[in-house]
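Peer 1: Under full-length UniProt numbering, the final residue of the sequence shown carries the number 1177; numbering is consecutive throughout.
Treat the hints loosely; a few may be bogus.
[As the list claims (entries may be wrong)] Pairwise CB distance ranges (calculated):
no.	residue 1	residue 2	range
1	Arg156	Ser383	26 to 32 angstroms
2	Gly90	Asp223	32 to 38 angstroms
3	Asn901	Gly664	31 to 37 angstroms
4	Lys33	Ala169	58 to 64 angstroms
5	Glu681	Glu234	24 to 30 angstroms
6	Gly709	Glu681	34 to 40 angstroms
7	Lys616	Glu234	52 to 58 angstroms
8	Ala429	Gly709	56 to 62 angstroms
[As the list claims (entries may be wrong)] Pairs of lysine-lysine, BS3-like flavour, derived with a Cα cap of 25 angstroms:
no.	residue 1	residue 2
9	Lys524	Lys287
10	Lys837	Lys897
11	Lys554	Lys661
In case anyone wonders, no lab produced these hints; they're calculated from the structure.
Each residue gets a CB set at the ideal place from its N, CA and C atoms; glycine is no exception.
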Amino acid sequence: MMGDPIQLKDEGNKHFQAGETDKAIECYTKAIKACKDNKVLAVIYRNRSACYLKQESYANAASDASKAIDVDAADIKALYRRCQALEKLGKLDMAFKDVQRCATIEPKNKTFLETLRRLGAEIQAKLKTTFSTDSRVQNMFDILLDDEMETEKKERAANNLIVLSREDAGAERIFQNNGVPLLLNMIESGKREMILAAVRTLSGMCTGHKARAMAIIHMVGVDKMCSIMAVDNEEIALATCNLFQCINDSLTGGDKREYGKEEALVLDASKDLKTILLSLLEMVASKKVPGHGRDQALNLLSRNVPRANKKEKDNSRSLFTIDHGLKKILKVCGQVPELPDQLPMTENTQLIASVLLDKLYDDLMCDPERNNFRDICDEYIKSKIDPNDMDKTIHAINTISGLLQGPFDVGNALVGRQGIMEMMVALCASEREVDQMVAVEALIHSSSKMSRASFIITNGVSLLKDIYKKTKNEKIKIRALVGLCKLGSAGGDDYALRQFAEGSTEKLAKQCRKWLCNPQIDTKTRKWAIEGLAYLTNDADVKDDFVEDEPALKAMFELAKSTDKTIIYAVACTLVNCTNSYEKKEIMPELVQLAKFSKQHVPEQHPKDKKDFIDKRVKRLLKAGITSALTVMVKADSTILTNQTKEMLARVFLALSQDPKDRGIIVAQGGGKALIPLALEGTEIGKTRASHALAKIAAISNPEIAFPGERVYEVVRPLVSLLQTDKDGMQNYEALKGLTNLAGFSDKLRVKILKEKALPEIENYMFEDHDQIRQAATECMCNLVTCKQVQERYLEDGNDKLKLMILLCGEDDDNLQIAAAGALAMLTAAEKKLCKKLTLVTTQWLEILQRLCLHTNPNVQHRGLVVVFNLLNSDDSELAKKLIESELLEILTVIGKAEDNPRRQGAIDAARTCLVKAMDLALAYYYRKCGVAVINSGRQRIVFCPRESLSSLISNMNEAKLTFMFLLLCAAELIQCFPVTASQGGNRSVWLFFCKDPGCATNVTCVFCNDNLIWRHNHIANCTGTPPLNTVCQHGGRAFVSIDTHGDCEFEGKDGYIRTAKCTDHSNICVFISATTSPQVTRDATPNHRTKSGYILGGVWGSFLLIVGLFLIAHFRNFCKQRQNRELNQHHTSDSGVTEPLREMQSPGETSGSDSRCGPGLNENSSSALSPCDSGS
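Take these sequences, add in the hints, and give me the full structure.
Peer 2: Structure follows, in structure tokens:
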């Protein structure tokens, strides 16, 4: 049943105003379906257009606005909304027409005129660019088509086409101007530079444009592109591989741009993709394709065939590749370069093929699919094993080696078949060196499983030793050595499972290091030496010897930086072993005892695998330059750098960054930048380890140095991933510390942290029981609260965020209090509404605030005082009144009257600022009901605060009685008092001027105020407060002068005019002059104080009797007029005894004022909430 369209429209309006655009769209859509009135319908369409604009759905916004305009062509709101949407869609000319109509209807609307001007400028700029691009493209074509043009100019023009093709306008111009045939002519020229330029130009044209990519496929042809990639040139093969990749990205959804309706054609690219896949598989097994072309074909298959995301359910590309190309890939794996009639290959080809096999097998989703993979491999191996043809048998054994380096389970299953392992051992005894080399390699790869290693140790160790001793071929000898190394490490790091006699593994490692350091041996042979060390470094003695051999370390790092990237995995394994960064599960003591009781083997730790030995090894590795080698390894081709290798590199980085002192070296050698790709791609464990290492670096390093440029924004996501609750506490803690450092760096980084949805996680850890994690979360929040979005979350009702922050201020941990109080200070400074909310969320706020202000740690105290100032400055008189009614006034007075102290200066200045602010708000001259009295003495007021027990006694006294009471209570030490100058009040009676330069008081010769000479060549007295009107005093090396409210003063010296400034309420220079206080009266509960209590009580009663006597005398005077003169003389005598001590309390240089009841300079027309004499501040 449809609802009322008007009512639905109104509901939609409410949702839109509340920011709920989804609900608003839902209401408007229902209203559109129910509405029959065209005028109302136009309004609803217009409103829904506004919702779509807010959601950045510009095509829908333009469509709805158009429907509203169809009803009313002069609908100015709809026209302007369509203009905004069309502008975002890039249709500037149509947007310009709409805003032009708007400006015609309302010619004085500034928004329309400004938009019209801006769009006009953008259209002109775009036209200029387009025409410029057209002319540049045509110029390049003219040069390339000119047969008489110099070769150098042609090459330069071809390179310019590459740049133009990377711009959308340039790519379109090249395509529209028949550029593809021209590029094909450049390829046919056979010149390397021209071929490269043409292929790279085609790549630019295909990038991000599906229709153009499909057109280029059909114009150039897949076979033609494959033939280009088959040219025996590494650069051309790589450029063509990039062209294929750009085409694949465009056809499979790499183009994310939003097009208009005229470009929304559905193009079926499946046939083209299948054609490309089949062509690449043909290239893999073709003898006509050189090694570089074969490598790039395998790379393309590895990148694009397996699913990038395992959550996707479609693995049809992998199944198709297995059915049509698995045997071709196995053929590549089984190639033996030393045999005749083999496929051309590079040193990386077979490893790339093994990686591709591993990815294809890992992409399979169920057992039948895996069984099919195994069956094809098994069938292929069986077809190649032929006792009468040793070359075919060697090919089969080498294929098994390739499978063992890729999908190990498949290769291990093949090794387990009857006769295969025996065949390998038998081939080791063959007379042909190639048979020995292939068989030894196969034994090395197959002995990864303990069961296989045990078989080889039993049956093949003596054979390997004989090969190692007798053969003269270095390639076979090094492989035999590596085989012995791997067998010797079969027990892993278990000290009790050594396979060889004591010292044997050290001898093998020594020989490996010797070969590694020999530069005359070829790289491939030296690579095998690292393979041997990768196995032997499971032994802690070998690790220690290796890291102490600096030449061997540097030789390994140099090899890791070489072009042969197949070495990376072996280097990574060696470094993981040396740093002990492999996964080590803790064994429960109870399980150890149980294993011993049941006579089961219990792994033993080598003495040199303890933490102090590991730390020493890490230091030596850093000294040898491990970080720079790791940085180069991370940049390797993605096909070689598998996820497992990335995980090992991440483990090594984490081990290196454990000591904070070493993190600077890692950053200096580029480790921070290298960790980012490891933290974003790879296995979950690898990404976690890399993110943890990033957190350690980010926590203590300057982000600008550790992660230069835009890379710093990429660090946020890995750190946020460590905040998940399934991560361990150390990872949570260091991620929070890293985010704290980043959040304090820039506002953009704070926004990035919020966009990564880190705020809920940070708030969650503020509730954590663990003290350090809670502190780190609070510190992070402290740095984030300067962000507007965070402040808005604290302003929201219905949460305890602000309450938690206040309660954290009351904890005992100093660092936690600093963070929480700092956050509270910034929040209350930024949002005055939070000042009022602070008092409502918890009843303990005042107690906690007082604790902060009295804290012994100056950092905590300073932040607490800033919070107090923010509350006083919140424009909430009731809140300010509450603060001064509490003991905070006394606390502020004690802190403010303290002598300057560099360690606590921040807190002292903040307290003085709070006092000045309180006085400005007329709160320092306190209500009588709170027991604070004010006595006027000339230009100075003496404010004294009696104890609570006397508050009611002095209530409602007039000034004469109050003065008398003051003198009595002062003697009994029942009050504290401090003079408050008139300049501290809100109704300032004087202005203070001072000379600005430090030490300028000694240079002053005369002072002019309002062009009248005030002072000349006299000694300047020291200031003890505000100087009397038209007088000069000095403090802190500066001279001060006071004048009436209206006017100006100038200081002059021997050399002329001295720079002069006027005091303000918050001037640090004037704070002594404007807020001088006398010492505090302490409130201790010592025995002496209790002894004095009797005297105090007597004083109180005596004061009470005297006051009663004064009242009786006043009444008696009215009834006895004939005795009036004598009574008046007695009263005069009594009054003179009171005023004289008051004059003694005045500051030097101050004079008594008139007899005015409120004293000079005070505004008697004060607020009705104050008594006439309390109208200060």
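Peer 1: The structure should be examined with respect to each hint, and the outcome stated for every one.
Peer 2: Structure-based check of all given hints:
For Arg156 and Ser383, the hinted distance range of 26 to 32 angstroms is not satisfied, since their beta carbons lie about 55 angstroms from each other. A beta carbon spacing of about 37 angstroms between Gly90 and Asp223 agrees with the range 32 to 38 angstroms that was offered as a hint. Distance hint check: the CB atoms of Asn901 and Gly664 are about 35 angstroms apart, consistent with the given range 31 to 37 angstroms. Lys33 and Ala169 have their C-beta atoms about 42 angstroms apart, which leaves the hinted 58 to 64 angstroms range violated.
Separation of Glu681 from Glu234 is about 25 angstroms and conforms to the stated range, judged on CB atoms against 24 to 30 angstroms. Range check, Gly709 to Glu681: about 20 angstroms between beta-carbon atoms, so the 34 to 40 angstroms window is missed. Taken as a hint, the range 52 to 58 angstroms is violated for the pair Lys616 and Glu234, whose Cβ atoms sit roughly 43 angstroms apart. A C-beta distance of roughly 60 angstroms is found between Ala429 and Gly709, which places it inside the suggested range of 56 to 62 angstroms.
The suggested pairing of Lys524 with Lys287 holds, with an alpha-carbon distance near 24 angstroms, which does not exceed 25 angstroms. Straight-line distance between C-alpha atoms of Lys837 and Lys897 comes to about 31 angstroms, which puts the hinted pair past the 25 angstroms bound. A C-alpha spacing of about 22 angstroms is found between Lys554 and Lys661, which places the hinted pair at or below 25 angstroms, so the restraint holds.
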